[in-house]
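Visitor: Protein chains in written order, with this note's numbering: chain A, 401 to 501; chain B, 110 to 342.
If you are wondering where the hints come from, they were derived from the structure by calculation, not from laboratory data.
Yeah, the Cβ is synthetic: ideal placement off N, Cα and C, and Gly gets one too.
Please note that the accuracy of each hint is not assured.
As the list claims (entries may be wrong) - Chain B is faced by these chain A residues, among others (derived, beta-carbon under 8 Å):
no. : residue
1   : 457
2   : 460
3   : 461
4   : 480
The lines below spell out each chain.
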Amino acid sequence: MEAMTLLQWAFDGVLGLFLLWLAWLSLASTNLFKAIVLFIAFGLLMALSWVRLDAPDVALAEAAIGAGLTGALLLAALARLDSKSGPKAFHKEDDDPDVHD
Amino acid sequence: MTPMSMIENSRQQTPFRLLLIVLLSALATGLGYVVLSLPLEDPGLSEQVTAKLVHSGVSNPVTAVLLNFRGYDTLLETGVLLLALVGVWSLGGIPQQRSSTRPGPVLDTLSRQLVPLLILVAGYLLWVGAYAPGGAFQAGAVLAAAGVLLLLAGWLPGARFSGLPLRIALVTGLGIFVAVGMVLILLGRRLLEYPPSFAGSLILLIEAAASLSIGITLAALFLGGRPEVESRR
Numbered sequence: 401m402e403a404m405t406l407l408q409w410a411f412d413g414v415l416g417l418f419l420l421w422l423a424w425l426s427l428a429s430t431n432l433f434k435a436i437v438l439f440i441a442f443g444l445l446m447a448l449s450w451v452r453l454d455a456p457d458v459a460l461a462e463a464a465i466g467a468g469l470t471g472a473l474l475l476a477a478l479a480r481l482d483s484k485s486g487p488k489a490f491h492k493e494d495d496d497p498d499v500h501d
Numbered sequence: 110m111t112p113m114s115m116i117e118n119s120r121q122q123t124p125f126r127l128l129l130i131v132l133l134s135a136l137a138t139g140l141g142y143v144v145l146s147l148p149l150e151d152p153g154l155s156e157q158v159t160a161k162l163v164h165s166g167v168s169n170p171v172t173a174v175l176l177n178f179r180g181y182d183t184l185l186e187t188g189v190l191l192l193a194l195v196g197v198w199s200l201g202g203i204p205q206q207r208s209s210t211r212p213g214p215v216l217d218t219l220s221r222q223l224v225p226l227l228i229l230v231a232g233y234l235l236w237v238g239a240y241a242p243g244g245a246f247q248a249g250a251v252l253a254a255a256g257v258l259l260l261l262a263g264w265l266p267g268a269r270f271s272g273l274p275l276r277i278a279l280v281t282g283l284g285i286f287v288a289v290g291m292v293l294i295l296l297g298r299r300l301l302e303y304p305p306s307f308a309g310s311l312i313l314l315i316e317a318a319a320s321l322s323i324g325i326t327l328a329a330l331f332l333g334g335r336p337e338v339e340s341r342r
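This is chain B alone, in the form it adopts within the complex (with noise of 0.2 Å):
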């Protein structure tokens, strides 16, 4: 049975769709009703993070949440990434008529002319986290903005590169992180424990590993499969 004519089937099964409508008012009622039920005036922690914001190393509550108090949610955030892109290339390898298609040239000397730009964007927005809105992941979207108008341009990464050097590009943001977070264990803290003294400095460490792995591996999502690999001897 093809999906088209199951789609078609379940449209005639009237009692399915009373069904489905019963249920579905069911979960509007309830959500409606938890949500309501929400206290009117709730500060959340924001309390906490101000007064402890002193400690996290950087002056932007976000990036203090994201990056030191909750720091080990982002470090799972980006093994998610990583676990997606090895989804989409276990499915194979790039789709053919990629290479084959010639950029106009308008596409092809725009793309020159921005992507040293949208490198120096991701550099500001890396930099500028620690005190007004952006960071890694704002970063690593603006990066990897950059790698999908080159590979619309008609580039591909050489073969020479997409083997290890890729793959080491991939992970060095969670390799980062995870080492940061096993190393302070290692000195007698918990997991991403900063102290407060180098905290500044190990946030830029791990944005700046992070933004690189998170852009290379949206570009590397956009090019829809493991590119060759250059064949061993």
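Isolated chain A (complex conformation) (with noise of 0.2 Å):
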């Protein structure tokens, strides 16, 4: 009994702080896919945490448009910025005139 407490505890730490570390790695990630993957990690280990927290609803709602649809929304997201503004129109925005029309 103690020693399942103490697992429990031990698995909750290591949770929250895996849950920090991924937020934050997302965040400051420069490679926007790199950021979305990221994103995706924290939203699964989320509802392993709305699990621990005996709200199970919440968890299955937090997997599958928390980090599932929202996921794929981003990359879809991400793939239209690649094929409209590519890294090169991008940077050269600032001495192109034909981008100020």
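With the hints as a guide, bring both chains together as one complex.
Guide: Structure, rendered in structure tokens:
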């Protein structure tokens, strides 16, 4: 019994620290693709935290919407960003007169 | 001024950053104080929910709160989701590159096998929501996952369905929710105050319509624009 409680505390602690770490990595990443993948990983761990907090309903919603669909939406948005104004077009913006139409 | 150079400028402004630090510290202190001043043992409203659960029509307290006791909030949430899609549609049509991509054989076969299973899971989640974790939003999200999978595999809704049929499917959830509320008002009750004998069936009706609409709305959001409508004569 004692050992189980200790194990649960350790698990929750590691989970919480991992969440903060993933959140920071995702926010600080300059590579947008990497940031999105980290965000999805964050969402999955968040769902695990909701299960630990005895909220399986929220966990289901977080895993499906927070991690799954939002991740897919962000990736789709990134693909659109890349196809419209790739890295080259973005850097050229300042000295290209054609852009200011 | 481009966004990049604005970020670089703000990096050089030390006073601005100091002000930011002071403001954020004040916010963190305030939040910490609020959290610490909360009562340690607060049962919240769970006792009232448990007491009234018998009259809600479902035995899962979460569904009872979402669809019955706090149904007004869920009604507005469905509206917000629809508004988000209207916002995306107002930005323009579907990006072109999507229709030209061909899926590999694995994705093609897997999507055909998985989509019926996902629809079944969505139906299960919808039904089980009355007794256990599940419900309209989860079922809708699984439906949307099926839609996203189909879209990734290169499937596009036919122009015949992307006009009126798609719009009807999108507003069905909100429409039935509002219709039930209005009918109840006409019957002399308050908005979404279900009669206990019909509560279970009404909740299932609203949830079924809402999951369909939520699923299609989320999948349409992934499409990233208003689909082409068959040109009128």
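Visitor: Flag every earlier hint the structure violates by its number, smallest first.
Guide: Violated hints: none; all satisfied.
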